[in-house]
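Sequences are here, hints too, so could you generate the full structure?
Residue numbers (this note's numbering), protein chains in the order written: chain A, 1 to 313; chain B, 1 to 513.
In short, the hints are calculated from the structure, not lab data. Because the structure is a prediction, the values reported are computed rather than measured. Check before you lean on any hint, since a few could be wrong.
Quick look at which bits of chain B chain A covers, simulated, 3 or more residues with Cβ under 8 Å [stated by the list, open to error]:
(1) 212-225
(2) 425-437
Covered stretches of chain B (in silico footprint by chain A; criterion: 3 or more residues with CB under 8 Å from a CB of chain A, positions within the stretch not fixed) [claimed, not checked]:
(3) 117-129
(4) 177-186
(5) 233-244
Note that CB positions come from ideal geometry on N, CA and C, so glycine has one too.
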Amino acid sequence: MTAFLLKRLGFAFITFLAVLTIVFFIIRILPGDPAYAILGDQANEQALQALRARLGLDQPLFVQYLEFLRGVAVGDWGVSLVSGRPVLQDILEVMPATLELTFVSLFLGAVIGIPVGVWSAVRRNKLTDYIARSASLLGLSLPAFVTAVLLLLVFSIQLRWFPVISSGQGATFGERLRDLALPAINLGLIMAAYITRVSRSAMLEVLNQDYVRTAKAKGLSFAIIIRRHCLRNTMIPVVTVVGLYLGILIGNSVLTEIVFNRPGLGKLIIGSLYQRDYPMLQGMMVIYTMIVVLVNLITDLTYGFIDPRIKYS
Amino acid sequence: MKKALGFFLGGLLATGSIGAYAQTLTVGMNTGDAGILDPHFATSTSDKGLLHWMFNGLVRIAPGEANPAFIEPDIATDWTTSDDGLTWVFSLRDDVQCHGDYSNLDAEDVVFSLRRAANPDTSAFAGDYSAIDSIEATGDYEVTIQLSHSIPSLLGLLVPYHGGNIVCQDAVEDLGDAFAQQPVGTGPFMFAEYTPQQFIRLEANPDYFRGAPQIDEILYRFIPSNSTRDLAFQSGEIDMLIGSGDQTWVERISGLPNTQLAVMRPGEMSVIHLNQTMPPLDDIRVRQAIAHAIDRDELVQFRGVDVTLPAVSPVPEGHLGHTANVPTYEHSVERARELLAEAGYPDGVEIGSIHTTSSGMLAILEAVQAQLREAGIDLVIDAVEHSTFHEQIRQDLSQLTHYLAARFPVADVYLTQFFHSDSIVATPTGVTNFSHCDVADDAITQARSETDPERQQELWATAQSQIMEEVCAVPLFQIMQLWAWNDSLDLGVEARGSLNLSPPITELTRFVD
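Take a look at the structure:
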C-alpha cells in the first residue's frame, strides 16, 4: 500500500510539473497584452513598455519560467497584475465557495442519480425506465446557464423563495443553505442525470452476471439480491465516473457561479483570462491541477474499499 | 416526514431577507470583481464608477453633467491665471477632511497628489500632465501650477476623472501597495469593506465638507451576468443597475414598475477608420464611396433610437469643441458605385477588416457590411478574440477598423488620439490613429496652445472639417450610458451625463417614500 502510494505520488508530481510547464507557456502564447489590459486603450507604446518592464514581462521567457517554479515551490504565487492583491489570498478566499457548491452538487447528484439509475435498470424497458432515461437525457442536454435562469425565474421571481444573488455570505447556517440551494440544485440535477445513466448501465451489466442468476436460483428475494450482490459491484464504474467528473464539475461551476452570482474559482479564472492576468491564471492552474491529481488518487484508493479483491501493489 | 420537510423548508425560507435596508443603496455593476482601486491607475468602467463617489478634484464638472462647460469649484474655492495662461494659482478650502483617521487636506497633499498623477511610475495618466512644469504649495491652502506651454484645458485635467482625483499623502504613504485595494479620498463616501467577487461597501463620510450624505452606505455588487442583474433589480435585491446597452434592455426595463431610466453622456463613439496607406483605401474616391454607402439612419434604427445618437463629426456631439458643420456624405448607393467606377473598380472592391468577436461591436460592423455590399464593396471581416483584435489593429494590420471609445469630452483628446500623426499606430508614440490621418495636424497642434477660446473653437472646427474632407473616418453614432434605478431613489440632481461612467450619487442622494 505504501509503495503504491509513493509511486502514485511520484506520478502525480510529474503530472503536476508537466501541466504547470504547459500552462505557463500556453498562457504566454495567448494573444493579448496584460500591460494593455491594465493601462487601457489610451496608453501609448512607451507607457506600455514601461509597465511591461515594471511587471517583469520584458524578462526572457525562461527566466520568467524559473521564477514561476520557484514561486510555486515556496508558496509565493505573486500578486495579481490587475488588482495588486496576492494571488494565493484571492484564490483561497473564493475556493471554499466552489468546493462547497461542488460537493453539495455531487451529493445531490449521487442521492438522486444512483437510486434512479438502479431502479431504471431493474425496471428495464418499463414506463419508469423510459421516464428516467428521458429525464436524464434532458438533464444532460440542457445547458447549465439555461436551467439556472429557469430556476431563478420560477423560484426567485415568481415564488420569491430564494434570492437571485446567491452570495454565499450568509451569517447563519440557514442563510448559507438558502444561498446555496438553487446553484446546488442546478449543478446537482446535471450530475444526477449523468450518474443515473452510468448507474443504469452498470446495474444492467451486473444483473446479467452468473452470480445474480445463482442468487435468484437460491430463492433470495429481489431486494436482497440488489442490495447485497449487485449494488456494490455497480459502484466501481460509478465511482470512476464521479471521480473523473468531479474535476470537470469544478471547472463547469463557472456558468453556475456567474448566473447565480456566487463567488468561486470559475468567476476568478474567467476574469483573469479576459485581463491576461498571468500570475492569477498560473495560480488557478496550480490549484486545478492539484485538485484533479488529488481526486484521481482518492478515486484509485476508493476502489479497494468497494472491492476488496483489488490489491494495491 | 412531510411535517419535518415542511418545517425545514419553512425555516429555510424564513431566514435572510430579500431586498436592501432602507438607507443602503445597492448597485449592480456588470463586472465579476473589483480591479485596481487606485484612482491614478483605474481605467475600467466598474472601478471608475465606484471611485467617482469617493474622491474630489480641485474642480469638478457639476454632478449630473458631463460637459466641461459646467466646471465648478470642488476642493479649490477659486483660481486665477496669468495673462499668458501659464501660471495658475488655486485657493483651497480649509475644511476638507481625508477619510478615516487621516488628517485635514492641505496644499501639500494636493501637490503630492498632482505630482503623483504626473509620475509614470505612480500613474497611468502621467502623459496627460506633461505640460506641467511645476506644482508648488505657495501657502497652507494655496497651490501654484506652472505650465511649460498653454494646453486646451488645464481645468479639465484637474476634475476628478483620471489623475485629477486628489489623494491624501499620509494615506498613500501609510498604506503603500494596499492603497489600491482600500483607497482613501475626501468624497462623500468612504471605503469600508471588500468581499472578493461579491461587493464593495462604502460608508457615508460624516465629515464630508458639503455635509454628511443622506444615505448610510452603498453596496456595490459585482454581477457580471446581464440577466441576473436584471432579475435582481426586478426582485428588489438591488436598487440601481448599469444597463446592458441595447434597445431591448431599455424597452424591458422601462416596462418594470417604479423604474427610472437614465440615458447619460458621454457615450462611446462608434467610428469606421479607413487606413489611407493600404490600397484601395489610398484612393480618396474609394473612401468617399464607403461614406456614401453607409446609411447612418438605418444603423441608428438597427442599434436602437433610445440608446444611440447619430454622429457626423469625428468629435462627439456634447464635447467641448464639437461642430456639426463638416462635410457630409449623404446616403447614395448610386453615388458610391460611380465613385468606385471612377477609381477604377467598376465591378466592386474587396476590403478587409480585423474585428473583435465581441457580439455588440460585431453586430454593428456586420450591419455596415450589409450596407457596403449593396454598393459593390465586399467587406471581409476577420473576427478574432477581443485582445487579439486590439493587438493586431495596433500593429497596423487592418484596412478598415471599427472602434468604440469614450474620452474626456474636449475635442483635443479625440482629435489627438485618433487623427494626429503622432498617434499613428505601430509607432513609439502611437495610440489609436488607425487611418494614418495627418491632414489636421497643424490645426490640432495650434488649437492645443491657443488661449483665445473663440479662435481655439475655430481651429478645432477646421480640424474636424479637414478630417471629414479627407474621409479619414466615417463616424456612425454614440452609444449612450444606460442606467436604471428604483424611483424611490432621489439622486438630488438630474442625471444628464457622467464623466466617470456612473450616476451622480452625492450627499444629496436619498430614498423617498
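Hints, verified against the model:
| no. | hint | result |
| --- | --- | --- |
| 1 | 212-225 | holds (count 5) |
| 2 | 425-437 | holds (count 6) |
| 3 | 117-129 | holds (count 5) |
| 4 | 177-186 | holds (count 3) |
| 5 | 233-244 | holds (count 4) |
Violated hints are absent here; each numbered hint is respected by the structure.
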